[in-house]
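Q: So you can see what is in the structure, the chains are spelled out below.
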Amino acid sequence: MATRHSVLVRVTHWITTLCFFALLVSGIEIVISHPRFYWGETGNDLTPTLFKLPIPASRNFVPSGYGYVLPDQNGWSRYLHFQSAWLLVFTGLLYVIFSLLNGHLRRDLLPHGADLSWRALSRSIASHLRFEQPSAAEASSYNVLQRLSYLFVIFVLFPFVIWTGLAMSPAFVSAVPAAVNILGGQQSARTLHFFVSVALVLFLLVHVGMVWFAGFRSRMRAMITGRVTASKEGA
Amino acid sequence: MSEPSKLEPSKLEPSPRNLSRRKLITTGLAATAGVAGLGVAARIAQKYGLIPPDRGGFYGLGETLTYASQRLLTRHSLAREFSRSQISQTPFPNEMPPLNDAFKSLQAGGFADWRLSVSGMVGRPASFSLAQLKSYPSHSQITMVQCEEGWSYIAEWNGVPLSQILQAVEVHPQARYVVYFSIDPDWWESIDMADALHPQTFLTYGMNGGELPVGNGGPLRLRVARQLGYKSVKFITHLTVTDNLKTFGKGLGSSAPEGGYAWYAGI
Numbered sequence: 000m001a002t003r004h005s006v007l008v009r010v011t012h013w014i015t016t017l018c019f020f021a022l023l024v025s026g027i028e029i030v031i032s033h034p035r036f037y038w039g040e041t042g043n044d045l046t047p048t049l050f051k052l053p054i055p056a057s058r059n060f061v062p063s064g065y066g067y068v069l070p071d072q073n074g075w076s077r078y079l080h081f082q083s084a085w086l087l088v089f090t091g092l093l094y095v096i097f098s099l100l101n102g103h104l105r106r107d108l109l110p111h112g113a114d115l116s117w118r119a120l121s122r123s124i125a126s127h128l129r130f131e132q133p134s135a136a137e138a139s140s141y142n143v144l145q146r147l148s149y150l151f152v153i154f155v156l157f158p159f160v161i162w163t164g165l166a167m168s169p170a171f172v173s174a175v176p177a178a179v180n181i182l183g184g185q186q187s188a189r190t191l192h193f194f195v196s197v198a199l200v201l202f203l204l205v206h207v208g209m210v211w212f213a214g215f216r217s218r219m220r221a222m223i224t225g226r227v228t229a230s231k232e233g234a
Numbered sequence: 000m001s002e003p004s005k006l007e008p009s010k011l012e013p014s015p016r017n018l019s020r021r022k023l024i025t026t027g028l029a030a031t032a033g034v035a036g037l038g039v040a041a042r043i044a045q046k047y048g049l050i051p052p053d054r055g056g057f058y059g060l061g062e063t064l065t066y067a068s069q070r071l072l073t074r075h076s077l078a079r080e081f082s083r084s085q086i087s088q089t090p091f092p093n094e095m096p097p098l099n100d101a102f103k104s105l106q107a108g109g110f111a112d113w114r115l116s117v118s119g120m121v122g123r124p125a126s127f128s129l130a131q132l133k134s135y136p137s138h139s140q141i142t143m144v145q146c147e148e149g150w151s152y153i154a155e156w157n158g159v160p161l162s163q164i165l166q167a168v169e170v171h172p173q174a175r176y177v178v179y180f181s182i183d184p185d186w187w188e189s190i191d192m193a194d195a196l197h198p199q200t201f202l203t204y205g206m207n208g209g210e211l212p213v214g215n216g217g218p219l220r221l222r223v224a225r226q227l228g229y230k231s232v233k234f235i236t237h238l239t240v241t242d243n244l245k246t247f248g249k250g251l252g253s254s255a256p257e258g259g260y261a262w263y264a265g266i
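Those protein sequence lines, which keep their order, are chains U and X.
Going by numbering that gives the first Met the number 0, the residue at position 230 of the first sequence is 229; the numbering climbs one at a time, nothing skipped.
Going by numbering that gives the first Met the number 0, the residue at position 44 of the second sequence is 43; the numbering climbs one at a time, nothing skipped.
None of these hints come from the bench; they were simulated from the model.
Hints may be right or wrong, so weigh each one.
Not everything, but these chain U residues come out facing chain X in the computed CB check (under 10 Å) [unchecked claim]:
#, residue
1, R9
2, H12
3, L23
4, W38
5, E40
6, D44
7, L45
8, P55
9, S57
10, Q72
11, N73
12, L79
13, W85
14, S168
15, A170
16, R189
Each residue gets a CB set at the ideal place from its N, CA and C atoms; glycine is no exception.
Chain U extracted, bound-state conformation:
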């Protein structure tokens, strides 16, 4: 019996999961109050959209094309969204700082140089596309595509979703105007926040799909108890 995931990884993983679902549900609730997206600084019901979601809105002024209005859930959704965001930021900081210090980042997440060659990468991609069962080695170590995806989520998507979120805050950008100006305006920030959220949801779907494929029970046990039995992989 070996430990696949350290206590830090397991605890931060599940807090992140909890926060992510809270952010997702509350984010959807916030979006349905105005499911229209714009580019630039401003946008409202009287201006053209970049695109709009084909769903009804929770406010009756929005020209959604539907004859009914969904219940307004914006109040608690906003409270929950920011509360979860704070918890997620602290959890993320804890994870990143300790991963740097204890070598988790270097050992488990940074790909090995040899794995980054086109040949190795394409072999890994092909094996994923053929839905080959993961090797026993992958029970105790992430493969190169996992490493690259996790690094991308941790160091690109999460920072960008926090940035685009802050760029929508009128008070925050009064102190740091560059945060929104670089993105092309407040409505651009909102649209980008939506796209990054969609990217994170896509990651989640693939992530859960891969866990299912690799052996849901054993992978879940590994993330909850930390223990893994290599011989039973893929069962």
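Model the placement of chain X on the given structure of chain U, informed by the hints.
A: Using the frame of chain U, we list chain X on its own:
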């Protein structure tokens, strides 16, 4: 495929022996220090006005973190101002509940009898007509209105900074909040002194060079440029200065938290 990583000693299952007495004592001490530290932090935060009135309940911690951090970061910062060419061609007036009879009768008189009364912790309580407010030097700003729903527009706002009126009524130095009321009794808000004395917080009577349209809050709206639109109360008739929000409504600071929305809307 990557090599399986070597099993480090730290990855091995901790045995019960590793949970030494020393570890338990250190953890206990750390936890006690943490709780005590939080207590001290809370008192300091209270003293420096970093705790919002809707601090109670499940979401209190998140709200406090948002308000405290933004207050520390943005006490004096200015909301972004835009160029004249960025003014929205279509300033969105938003949906409004039906205006009440008191409003309609004042509107029938061309708002000549509209008054803004100022009371509370001030040396000289007063009541201003629109003409009196307009007799102060007019200021303008081109700033964005941002609704919590997600839409926005940019307009030029004309008015008198609230700080000038507070100065005229000789606001007490112990004042901590300004509470302001719409003629619509369901809409009242409050802001701390950092926002009340902020140079972009206007008693607004004009928009884009003309009178402030009723749809946008005319004849008088308190514009709070660094917070979401619902803090910029339309049709204001009364404001009062206080050091304690407990005595207003349900004690949560404004009508927003009573309706489930955050008191602080800088985000």
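Q: Each hint: holds or not?
A: Taking the hints in turn, this is what the structure says about them:
1. R9: violated, 12 Å
2. H12: violated, 16 Å
3. L23: violated, 16 Å
4. W38: violated, 13 Å
5. E40: holds, 6 Å
6. D44: Cβ of U:D44 sits 6 Å from chain X, so the hint holds.
7. L45: holds, 4 Å
8. P55: violated, 14 Å
9. S57: Status holds, d = 8 Å.
10. Q72: holds, 9 Å
11. N73: With a closest approach of 6 Å, the U:N73 hint holds.
12. L79: holds, 7 Å
13. W85: At 5 Å from the nearest chain X Cβ, U:W85 passes the 10 Å test, so the hint holds.
14. S168: holds, 4 Å
15. A170: Constraint on U:A170 satisfied, holds at 3 Å.
16. R189: Check passed: Cβ of U:R189 comes within 6 Å of chain X, closer than 10 Å.
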